[in-house]
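**Q** Listed below, chain by chain, are the residues.
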Amino acid sequence: MLNRLNTVFEPHERALRLRAYRSEVLAGNIANADTPNYKARDFDFQAAYRGAIGQDDLSLARTHAGHLGSSASTAAPSWLAYRHPVQPSIDGNTVELDAEVARYSENALRYQASLTFTSQRIRGLFSAIQGQ
Amino acid sequence: MSLINVFDIAASALSAQSQRLNVVASNMANADSAVSADGTPYRARQLMFEARMLRPGSIAPAVSVKGVVEDTSAPRLVFDPKHPLADAKGYVSYPNVSVVEEMTNMISASRSYQINTDVMNTAKNLMLRTLSLGQ
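In order, the protein sequences belong to chains A and B. Residue numbering for the first sequence is 1 to 132, as defined by our numbering. Residue numbering for the second sequence is 133 to 267, as defined by our numbering.
Some hints here could point you the wrong way.
Pair ranges (Cβ atoms, derived) [what the hints assert, rightly or not]: (1) A:Arg-123 - B:Arg-177: 55 to 61 Å; (2) A:Ala-81 - B:Asn-257: 26 to 32 Å; (3) A:Ala-99 - B:Ala-206: 22 to 28 Å.
Sample of chain B residues lacking proximity to chain A, with all beta carbon distances greater than 10 Å (derived) [to be verified]: (4) Gly-171; (5) Phe-181; (6) Lys-214; (7) Ser-244.
Everything labelled a hint here was simulated from the structure, so no lab data went into it. Every value quoted in this text rests on a predicted model; they were computed, and no experiment measured them. The beta carbon of each residue, even a glycine, is placed where N, CA and C say it ideally should be.
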């Protein structure tokens, strides 16, 4: 039963985690909008999500009892890519503040959408348990 | 929890931008200070920003102020032979502060500050909504 519950919540949980990651990356871009030679970074959400769903876990394979596991967060930086700026600035900075702010807001909106889906699932399960 | 890190990143930007505003204020206030503490005219100061990871494992860098540099360009010379600080030719050295540059610097700093407070606010709202999940 707990396994079933896990599969119900897993897609949204992964989406939330990736959205939180992306908001951190975009906040880093916005914070460094005035830093010379800073290159804006981002990742392809769709590909990252597919990767997260396809693999059961982002941790390393453990083929021996003595192997140490790795945390999922160490895999995150490999998705990150540099953005192609439309108008690079003269100091080598590639952050376009308006575009980054728009992406940050969009990401926040989609995070809230995932939250809404999750809470609807919880509500649905509650009414199933209560049987009313 | 990476949303918590958004607070650290935005806070580092707020601190860096407020330091920049401080330097702008100092430059503007001393735009006509012909003598500073060491006897020479005041020199315009600029901040150097640097992207730096707050923790070894973090995925996005925060901003830190690497240092303050003094503008080494020549002082502004004003012909005023009656001034007590005038040299043999009658010129007084005034600071090399460009008021126009400082004004644009100030606008840029205050805009960045505002945007980073918005980023922080959004992250806060997302976290509050996450906390109330399932209620």
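**Q** Indicate, hint by hint, whether the structure satisfies it.
**A** These are the hints, each one checked on the structure:
1. A:Arg-123 - B:Arg-177: 55 to 61 Å: Since Arg-123 (chain A) and Arg-177 (chain B) have Cβ atoms about 58 Å apart, the given range 55 to 61 Å holds.
2. A:Ala-81 - B:Asn-257: 26 to 32 Å: Roughly 28 Å apart at Cβ, these two residues keep to the hinted range, so it holds.
3. A:Ala-99 - B:Ala-206: 22 to 28 Å: violated (40 Å)
4. Gly-171: At about 33 Å from chain A, Gly-171 (chain B) clears the 10 Å cut-off, so the statement holds.
5. Phe-181: violated (4 Å)
6. Lys-214: holds (43 Å)
7. Ser-244: violated (6 Å)
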